[in-house]
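There are 2 protein chains.
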Amino acid sequence: MSKKNVYFFGNKTAEGDPKDKNLFGGKGANLMEMTKIGLNVPPGFIITTEMCNDYYKNGGKLSDPLIKEIKDAVAKVEKSIGKKFGDSEKPLLVSVRSGARVSMPGMMDTVLNLGLNETTLVGLIKAYNNERFVYDSYRRFIQMYSDVVMGMDSDILEHILTDIKKRKGVKLDTELSDTDLKELCILFKNEVKKVMKQDFPENPYEQLTGAIEAVFRSWNNDRAKTYRKMNGYLDEWGTAVTVQSMVFGNMGDDCATGVAFTRNPSTGEHAHYGEFLVNAQGEDVVAGIRTPQPINKASIDPSNPLPTLESIMPAIYKELAGIFDLLEKHYKDMQDIEFTIEKNKLYILQTRNGKRTANAAVNIACDMYDEKLIDDKIAVLRVEPEQVEHLLHPTLDLKAAKISIAKGLPASPGAATGQIVFTAKDAEEWASQGKKVILVRHETSPEDIKGMVAAQGILTALGGMTSHAAVVARGMGKCCVSGCSALHITGKTFKLDNGKTYNEGDVITLDGSTGTVYEGDVPKIKPQLSGNFGRIMTWADKYIRLKTIRLLDPPLHEFLPHLDKEIQEVAKNMDVPVDVLKAKAKALHELNPMLGLRGCRLGITFPEIYKMQVRAIIEAACYLIKNEKMDIVPEIMIPLIGKREELILIKDYSVKEIERVIKKHGVNMKYLIGTMIELPRAAITADKIAEVAEFFSFGTNDLTQTTLGVSRDDAGTFLPEYVEKNIYQVDPFVSIDQEGVGELMKWAIEKGRATRKNIKLGICGEHGGEPRSVIFCHELGLDYVSCSPYRVPVARLAAAHAVLKG
Amino acid sequence: MSKKNVYFFGNKTAEGDPKDKNLFGGKGANLMEMTKIGLNVPPGFIITTEMCNDYYKNGGKLSDPLIKEIKDAVAKVEKSIGKKFGDSEKPLLVSVRSGARVSMPGMMDTVLNLGLNETTLVGLIKAYNNERFVYDSYRRFIQMYSDVVMGMDSDILEHILTDIKKRKGVKLDTELSDTDLKELCILFKNEVKKVMKQDFPENPYEQLTGAIEAVFRSWNNDRAKTYRKMNGYLDEWGTAVTVQSMVFGNMGDDCATGVAFTRNPSTGEHAHYGEFLVNAQGEDVVAGIRTPQPINKASIDPSNPLPTLESIMPAIYKELAGIFDLLEKHYKDMQDIEFTIEKNKLYILQTRNGKRTANAAVNIACDMYDEKLIDDKIAVLRVEPEQVEHLLHPTLDLKAAKISIAKGLPASPGAATGQIVFTAKDAEEWASQGKKVILVRHETSPEDIKGMVAAQGILTALGGMTSHAAVVARGMGKCCVSGCSALHITGKTFKLDNGKTYNEGDVITLDGSTGTVYEGDVPKIKPQLSGNFGRIMTWADKYIRLKTIRLLDPPLHEFLPHLDKEIQEVAKNMDVPVDVLKAKAKALHELNPMLGLRGCRLGITFPEIYKMQVRAIIEAACYLIKNEKMDIVPEIMIPLIGKREELILIKDYSVKEIERVIKKHGVNMKYLIGTMIELPRAAITADKIAEVAEFFSFGTNDLTQTTLGVSRDDAGTFLPEYVEKNIYQVDPFVSIDQEGVGELMKWAIEKGRATRKNIKLGICGEHGGEPRSVIFCHELGLDYVSCSPYRVPVARLAAAHAVLKG
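First to last, the protein sequences are chains S and H.
618 is the number of the first residue of the first sequence in the working numbering; add one for each residue after it.
618 is the number of the first residue of the second sequence in the working numbering; add one for each residue after it.
In isolation and in its complexed conformation, chain S is listed as follows (with noise of 0.2 Å):
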């Protein structure tokens, strides 16, 4: 233990790297950055994560030099902050939180509020002026210790707490006055003593070494563990500890506590924006039971203008101001910071990349090139391609009066009003009459396709992000509302929940951005697409590799007529006596058609509808080619091959058909036949797949369907659930699972490559229009993305991303 295994921050300065997170875990080495730069940060000390594994090693205690360390760094806190543990008339208070090399939020022990004892409650009451709030901090500091620390069942105090409401006869904690809380506290640490057979610590260093271990023992505790588990982390990593001095801002008028942004987060103007209390705490900030106001006057809500933090306390707005700048530039990005003012001294509690809007992204990025903060590189990489969308799209108005009514998954982004009609038919009859509609259905099917197009956007009771409604819906880059479930239909009406009834005809607002549904129009925004956004699309093609993003490839069609109507004629155009084609249509109900007689399956067992498909793209091929003098190689791409020999028979009468067509009107033609992998059979065997096809297209729907053996149009049951239990941090059929369908295609590509050396590669389907997909796609060396045209700016942010972050 000759080496050092506790490290002090504070006073501009800090004893460790900041660099070392896997020692100091990530929010220890955070506040070690800060109190470097030179910001004045409450001054603390971490206890390193390998002595995480010490305090293991010793039988699970905290061994005498390392106690000796500890308190030498508390010295130094002391020294920093002009308070003393223990003492009566400055007591110093410290936070004990856990902090590993990565984030595990909720899964370890916090004690907040400890150093404070019946001395120290002295000096709290003087210092606040307020014995109620004091002896409410004392009681909570009590539940959470007696709780975390040592191991009692918190139900016993809780049960204290009732009885005296009771007794008391009031309802909530809040209305009990400063005797009672008093009292309770007496009570509480008699009932600890008589439980636990020992007296609550008065005595702060007993409490810090006592939370210090709780922090080491919660480390191990079945919700870490389990986490760990789920996450690929590993045990011996072990948490570091962070204890660091309280300040507080409810101290008096002289003390405030506030968050701000360095630019304005919503529009990106360069501008400090943000909010403060005057004597008040963080969460009072948040609660919104008083409102909060400006920092400077760029921040004044016009509505209800407020006086500034600059105009009460110029001093200390001017060290912030100072602060705001001198982070900017350390960190190169726009940073959202938590402050605290105690007793005219200002500091800073947290800082970090601030959130931001689409628009103010796109801003802020545009600036920071133009004050050379970044380069045309990161400016691209500062705009998430996910934000791109909203971008595109129209959005409700924030400000607008609006009454929610139901919620459902936000399945296509933007926002549309319209009269309720509840069938296909009947949208596309009003949209006719110029209605605008909305079109309310339990669940849509390709039967609605015109219907939905009529309308303005799409209600649906049942299905998924990826149900057909959503899938269809961004397609067509048209608002739409999935699986809202308190809807329930009948006829030409809907029920909701509450009982409350709309009918057809009513109007209705989709928010598709956010999943909601609202009475009547409400005012919306339109999609402003600035100059900045072109500056941005302009640098991020520079640097894409992906070749040309493609539009939708669709693959030789999958169908079989139902209706008389249809069978008839297609039977006509087939030249098959009608029974035949009916008895087939027939012989046909699957059990679980996902998995039955599809794609190249009808090319195999019904080959004239492929050759009649194949005849008709080369018919309009040769067209153009002769009288337009384009310049085509048509591309013939055999869906749900699985197997080689499918893929042969199929070939080789397509090339047949084509060589009759090409023959027939004496053109001089190249053409390309490959398949879809879509199948983890296909991916397996595409070594010998690529004899045959001479390009792939990744069908990743279709893939992620087999490989995870899951029915997109079913996974509504269970899958939301994964993706809450983070058993998939995202749904696979949002963004590529990687992990499995990405370890499927990146054989496929090595296997393929391996038979066919320039094979091209591509995916077809929604995952091109997704950002992290298509980063994927790029590092597996695909030569092209294909996605709706309203994803396209999307696919090309997320490209240039791909290359960027590489």
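I should point out that these hints are in silico values taken from the structure, not numbers from a laboratory.
Among these hints, one or two may not hold up.
[As the list claims (entries may be wrong)] Pulled from the structure, derived: some chain H residues nowhere near chain S, Cβ distances all over 12 Å: (1) Met767; (2) Glu945; (3) Asn1115; (4) Ile1242; (5) Leu1421.
[To be verified] If you anchor each label on the Cβ, the simulated ranges turn out as follows: (6) His1059(S) with Thr1107(H): 26 to 36 Å; (7) Val812(S) with Pro1210(H): 33 to 43 Å; (8) Ile684(H) with Lys1280(S): 30 to 40 Å.
C-beta: ideal position from N, C-alpha, C; glycine also.
Go by the hints and put chain H onto chain S.
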């Protein structure tokens, strides 16, 4: 061309090495081998496969040196057999056949009776004393040759044949007189000259080179090229050409033709067995117009005792019997021999290992072991695991009269007779009254199980070899015919395609080994397991490496109750409100249930189900350990895992349940928690899953469904066609698809072992009782296979084959 390219065989000698199949083709090599053993094979010669490539290099013509070699070889054949090409007295006729290194049946061309012309006709007519037969042969030769060699449209001569039949007022070819056929030959040759602008070749050498070129050409016809592509055969292998003198068993009463086995193929009795016809061609024996005679006493049919070859031609029979012994000693297996006697001279045309019944296979193997012809390893290999199944079930008496009324799929072997019932309930009721019933259904579902148990056999109109009915029946060892599409069921009656109707209570008989349905009660032969069967199984067990073949392991049960009664019962057991359970069940309507909420997904969304099952298993185990003093290590098998995280969550709560039960009973018990690998994603990420799973059990049924993207229940609409078209050589639900699913298994095993070196591996499901799959599992190094109890002997034998073949 200094190398030898044409190899003569005849006179008990052959110029080439019979082992060189790549050079001589399979057929040619075989003829050489028989000749070298000392059999009197009709002489001939082989043109090597290398000459096929040479033919193409030479611009599609035989080179002059090659023609010279061919002529020399013809001379050797002439000398050997004492006939001459183009001779008017003793004309030599030959067959010209293709022969690649592997069999490509029906893909390439053959020419028979080559050498026929105006001159040789004369000699043949004299020899046969049958003008009609010779002219019929000649007109057939002209048709075949003009089509295959000269490339003339075969319809043209077919029209002339139709015309002459019309003109003569007859319907069949066989009704034409010898004069008609003579006229036809003239008309044919004139037409060939008119259309092809060249004479039909008279010169036998010209005929021969033309035919050889045609065989080489046929190597590259479309059919053959597609076949090669489908089977992965290389174009450059080429075909050899076999030219062999034709011998005739129909030149008088000193001629005959026959087929024989060296032992009885139906009982295995060690006695020669066969039949022949005097003055006949080989095809006459098969055609069934004349009744063949037995070759010896052992072959006599007691109900129709005809004179034997032994009595008619004693010297020839003696020679033949000697050849039988020679061949058995050489090939060390029972032989199936084709022979022809031309003018008292015996020719052997072909020998191959004889097909035999299961019973014969067992007896022959044991006899040959006792005769020291083979050792016990070979004896085991001589009984095909597939055959063993037939020994375990009753079979229909082949000799009994029977009326076949419909044909379905041979879904589960055995034979059964009973009265028709149409519902599972009726099956139970009738059976409880002591009646034997056959359950007839459109298709079966889990609700029918009790009725299936009660019935003698099951007959379904829908569903394939792997439908519910088929799988369950095989599991029960019960006879089943599935997919009998001729059945039209309405209420309690079914109608056949031919209109005939059968009602409830009518008696039918099923043959589950052939898929045939018979009217009434057909006599059956009970399975007879001889002592020899026991000897074979004992030998097999000596060599098995796959440990203790297991009975089917059930994974944690997948169910949600459907009926009100069930729901109430389950809700009570689980201590969950009925409403909650009902709502859950209702929400589970699925489009693709195979890919929906099942397996471990239920264990995630509804943990109580699994907890209850785990408790039940462990309670049972504790009971057996405490009260029965049994030594048990229960294995908990989690189905449908796709991601490690699922297993972590379920294992975590299962371990808690288990430990609680163990503690309650105070027993000392080990247990294992593992997973089924039945999704591609599980196989792909097996390294990660093995961090948590203590064993893997491959669920190859589901793994096949998801890897191939084929639902077993729906595959009936296309999979039979896939097998027929050779896309799959065998139904992948019957035998593991080694190229696709098998590759994934290999990957999973490799990855699983990388993480957990000694992970226990097995398969669970129907494939575990299928011989090829068992062998594959052995090759993969699995620890065990599981199968239904009725297939255990099959699996044992297959496991021994795996070792002995490996």
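Checked hints:
no., hint, verdict
1, Met767, "holds (25 Å)"
2, Glu945, "holds (40 Å)"
3, Asn1115, "holds (18 Å)"
4, Ile1242, "holds (28 Å)"
5, Leu1421, "holds (29 Å)"
6, His1059(S) with Thr1107(H): 26 to 36 Å, "holds (34 Å)"
7, Val812(S) with Pro1210(H): 33 to 43 Å, "violated (53 Å)"
8, Ile684(H) with Lys1280(S): 30 to 40 Å, "holds (38 Å)"
In summary, the one numbered hint that this structure violates is 7.
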